[in-house]
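So the protein lines, in turn, are chains Y, V and H.
Under the working numbering, read the first sequence as residues 431 to 670, first letter to last.
Under the working numbering, read the second sequence as residues 29 to 87, first letter to last.
Under the working numbering, read the third sequence as residues 8 to 250, first letter to last.
Just so you know, the hints here were simulated from the structure itself, not pulled from any lab data.
C-beta atoms are modelled at their ideal positions from N, C-alpha and C, and glycine is treated no differently.
There are no misleading hints in this set.
Going by beta-carbon spacing under 10 Å, a handful of chain Y positions derived as facing chain H:
no., residue
1, I595
2, L599
3, L603
4, L613
5, N669
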Amino acid sequence: MNRVRLASAESPARDAGLWNGFLAQFRRELAIARRRGSDLLNPLMFLALVVMLFPLGISPRPDLLADIAPGLLWVAALLAMLLSLDTLFRSDFADGSLEQMSLSPRPLPLLCLAKITAHWLLTGVPLALCVPLLGVMLSLPATGYLVLMLSLALGTATLSLIGAIGAALTVGLPRGGVLLSLLVLPLYIPVLIFGAGAVQAAIEGGIAGPALALSGALAAIALAAAPFAVAAALRISLNG
Amino acid sequence: MAFDSLAAFLTMGGYAKYVWPAWGLAVLIIAGFTLWARFERRQLLQRLKRRQRRETRTS
Amino acid sequence: MWTFWHKLGSPKWSYAICGRLQPIFWIAALLLLPIGSFWSLAISPPDYQMGDSYRIIYVHVPAAILAQSVFVAMALASAVFLIWKIKVADMAASVMAPFGAAMTLLGLFSGSLWGVPTWGTWWTWDARLTSMLIQLFLYIGVIALRGAFGGSDQGAKAVAVLTLVGVVNIPIIKYSVVWWNTLHQPATFNLTERPAMPASMWMPLLLMVLGFYCFFIALTLFRLRNELIRRESRARWVQELAG
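Take these sequences, add in the hints, and give me the full structure.
Here it is, written out as structure tokens:
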């Protein structure tokens with residue numbers, strides 16, 4: 431862990447640019463994730479297990495499964511994202527790196543955005559890539575796959591951004607896990623609706639474009655606003 | 029007046045079991061919050077007085 | 008303007024001004040609510056379609072309006088607290104939350120009761136009911152977060168940020184739920200876009216809405232004074248209050 435270079439530890443004289451700050455933070459996140467390899471698989475395992483429960487719990491009938499597949503896959507992916515949120519800031523909070531980040535000359539929202547981007551790339555994108563496999567198991571109609579992957583890749587970015595606000599607010603609390611889901615789940619509803627709606631539309635032979643565009647709009651709003659909210663929440667958690 | 033008698037008023041044209049619980053909860057909430065707020069205030073003032081008495085005794 | 012803000016920052020002054028404003032709203036609520044209730048329950052004519060079951064509207068609509076207004080009021084108070092660091096604003100926000108949650112609950116309860124005679128079921132995933140349910144969870148989240156921090160100053164700021172995030176999200180959630188609703192089930196019966204209500208029906212509704220607002224303001228002022236006593240219990244003016 432000590433060998434991981436802190437973004438703020440770099441000499442500011444060499445590069446004070448925003449982009450460099452973002453990249454340094456981003457590389458640090460990737461390096462940490464690489465060293466904790468197995469954590470990366472957890473959300474995927476969770477997704478597969480949850481999806482497996484449904485044919486066992488409801489019915490293995492293909493037509494029924496095909497009906498509920500879009501919503502089911504989306505809900506399962508959303509829960510997998512939710513579970514991964516708790517670790518987003520926790521270890522950095524515990525070992526003081528977060529304090530370092532907040533004191534660095536680079537704007538905190540930017541560093542938060544780098545962390546969130548890394549989280550999305552390491553959790554959301556793998557989910558989007560693996561979900562077609564589970565779609566096959568739920569006999570999802572062939573027209574749905576591309577839209578499913580697209581909507582998940584787009585939607586999980588929004589989920590990471592919004593979820594980071596909740597994670598930042600609860601990071602100082604000893605048992606923030608359940609509270610975190612209570613705070614974040616209501617805010618996830620629009621993402622779920624547009625994401626699952628796009629897949630549903632694609633399956634029913636409609637046009638997935640409008641729903642995907644709305645998902646994109648949500649992502650754009652979250653991208654513009656969430657880093658600042660996360661930074662504010664982190665400062666509160668750090669300094670009181 | 030929409031109703032001829034008190035009995036007609038209470039049966040609400042056959043919808044009594046929907047109308048009255050809804051209104052009942054409304055009354056309960058409004059009365060409950062009022063009583064709670066008053067109880068809260070009385071308790072706070074009492075606690076304050078008790079502490080004052082205790083502190084004047086010890087000093 | 009600035010002196011007003013600074014004065015508002017002073018707990019003692021806030022306590023006094025709340026005490027002075029309070030009676031006006033209590034009296035208004037005490038007049039409006041009984042008159043409105045009597046008018047809406049006994050005088051206004053039954054609906055030609057729904058009969059007397061429509062009288063639920065007189066608690067349902069005020070509750071739904073309050074459920075939204077209270078959240079907006081909390082968000083305004085939170086913004087004032089975060090920007091100007093006025094603690095009284097945070098106290099106001101903390102005092103409003105339980106009432107807002109109760110109003111949301113009332114809206115849900117009355118809406119679901121109304122559903123039985125009109126839709127024939129206790130619950131439909133109607134856009135309005137669904138978004139109100141989500142709003143209830145937002146309220147619970149705000150209250151739970153404050154509880155988790157145990158009344159610390161840090162918790163107050165965290166709650167303020169969450170409230171602001173929530174208020175930005177409410178319209179988005181509403182819009183998405185309406186979109187989802189039209190996708191899945193075309194609205195069979197619309198509760199608001201009815202043929203224009205006659206005055207004998209909307210007048211009592213107006214009274215009820217105003218009455219609920221006045222009660223909300225009166226209750227908030229009253230409980231704000233309680234909260235001021237609780238948090239400033241070491242201040243001299245509070246000591247004099249008890250003595």
